[in-house]
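Residue numbers (the working numbering), protein chains in the order written: chain S, 1 to 317; chain D, 1 to 317.
By construction, these hints were calculated from the structure, which means they are not laboratory data. Using N, Cα and C, we set each Cβ at its ideal position, and we do this for glycine too. Be careful, since some hints might not be right.
Claimed, not checked - Pairs of lysine-lysine residues, derived as DSSO-like cross-links and limited to a Cα-Cα distance of at most 30 Å, are as follows:
1) D:Lys292 to D:Lys229
2) D:Lys129 to S:Lys126
3) S:Lys240 to D:Lys229
4) S:Lys129 to D:Lys98
5) D:Lys88 to S:Lys292
6) D:Lys88 to D:Lys53
To be verified - Looking from chain D toward chain S, a few residues come up when the C-beta cut is under 10 Å (computed):
7) Thr26
8) Ser28
9) Gly153
10) His154
11) Ala251
12) Gln286
Number of protein chains: 2
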Amino acid sequence: MVEVAAGIDIGGTNTVIGLVDRNGTTQSAGSISTTQYVDIDEFVMEISQEIDKLMTTAEVKLVGIGVGAPNANYYSGSIEDAPNLRWKGVLPIAALFKGHYPGLPVVVTNDANAAAIGEMLFGAAKTMKDFIVITLGTGVGSGIVVNGQLLYGHDGFAGEIGHTIAVLDGRQCGCGRRGCLETYASAGGICRTVFELLASSREPSELRGISFQDMTAAKVTEAAKHGDKIALETFEKTGKILGLKLADAIAHTSPEAIILFGGPTKAGALIFGPTERYMNEYVLAQFRGNVKLLSSGLPDENVAALGAAALIWQGVG
Amino acid sequence: MVEVAAGIDIGGTNTVIGLVDRNGTTQSAGSISTTQYVDIDEFVMEISQEIDKLMTTAEVKLVGIGVGAPNANYYSGSIEDAPNLRWKGVLPIAALFKGHYPGLPVVVTNDANAAAIGEMLFGAAKTMKDFIVITLGTGVGSGIVVNGQLLYGHDGFAGEIGHTIAVLDGRQCGCGRRGCLETYASAGGICRTVFELLASSREPSELRGISFQDMTAAKVTEAAKHGDKIALETFEKTGKILGLKLADAIAHTSPEAIILFGGPTKAGALIFGPTERYMNEYVLAQFRGNVKLLSSGLPDENVAALGAAALIWQGVG
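This is chain S alone, in the form it adopts within the complex:
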């Protein structure tokens, strides 16, 4: 009988559930829709039924439940006003799961923090005690690990590097402010940079035929691989702003490495190259060349659920 932790990644569209053993192997996995449940209790019940179903097929023993979700607070065990979820206000997600699994530990945190613990237990940060994970996707999240512990801060919301200001009075952000790193380095931010460059230059580009609505970071990557100058310049500009803010992050917590995670990192050297170059240009001399910029060491499949399950395995030690 293999011991497993259930890792639950609550996304805006789908919720992925994985049963993960202490070596980081996903024994069994499934998913449900996030959007079809009017009531949060109904949603948690459906996840619990999915866990139970996965357990019967896998012959495993459940030792705890880890939940990664947007705007989740480790201290309170709640999701608080997540803009991408249909349920508003404060959702006591840990308490709801404890109702279904009395006596089992339930740990809740945001998805970037879960990714960081996943990297520490099973991925690129296995030997590290001080590192930062930056998740690039619809948004830009971050999980900061200091001395082997996730940095939660006074209120449980530490590690919002995506919402530091990269450009004063810059692009409008979903958070209500302007110029956040997220508006430049997220998948959508990369697309916004494409359109700025298309507007300001007369350079021919295969991206000129794609609407704002249809543009994706993957299409920009594809164009850059063809040598498209607008696409290449987009990655250069993205790397400049991301590198600048990573240099700031290094000055705060002096990590051994920064790990980039998520869709846009599939562009490989196109994004890592300029980001690392500018990071080292903008960082204080004593850190220059001393902080590694790495890609995720976690497998692509079920990665968010793996990180969520790692929250439990970290506690078990």
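Here the structure of chain S is known, so what remains is to put chain D in place on it, guided by the hints.
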């Protein structure tokens, strides 16, 4: 017989030595010149003799030695390439003191970190586990406390908020880069802002008669108290840039409070007012209004030596 820790603050000009009991009371204090010793060994011997002298007059028992110094590394116990000290290279300051006091604990860290521990044990952060101390002076230093522990990071140099970039391609900094927070929010940075404003406006000002060399933050404060518009605008601009970077710092570590420390804070509401206003304008909504901006709770006299001694009392618990 009162137990005391020796707190040593090594400054560019003077080195202050205080014997501090576990309640934070300085039982005895003295100072020596930092600049007159050709050899670092000779300098450490002179400090040790001063400690011994202070002990005979105070009837105390020495339990350890805490050293705060520029560019000091907690992990290595060394001062590394401090631009403001005459001795170059790596100075094994902890080892040298251990030679004079075998068996006693010796802790070395930079002056801003020492100030942070001082605030936690004896000052404005007594009840806090997560806070940041920003020292405004010749430079801008910072000490970040997370979960009751100083944040040292992978290499012992964490907490360099003064060397995050506030203005891309901005003012030249002593660190060799451009636009560091230090070039705007230090005492010298405040003076630089005065001259930018004097140059760009035609506003009459009592500061127009003072040379660059003779300008001080204290004179700017004095002028602002007389209602001088250039001086008032200088504090407004200083607060805007400092507030912006404090907002970034909050997004990293989510502190309960930020404590400002050092000469320019004597301007009181002139500097605290705009800094707090802009900090709350630029910070992510969930932190807005939730992070206190405080002035130091340590007494002015011997404050740096008090912080250095606190390094020992923290360890004693």
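**Q.** Unmet hints by their number, sorted upward, for this structure
**A.** 3, 7, 8
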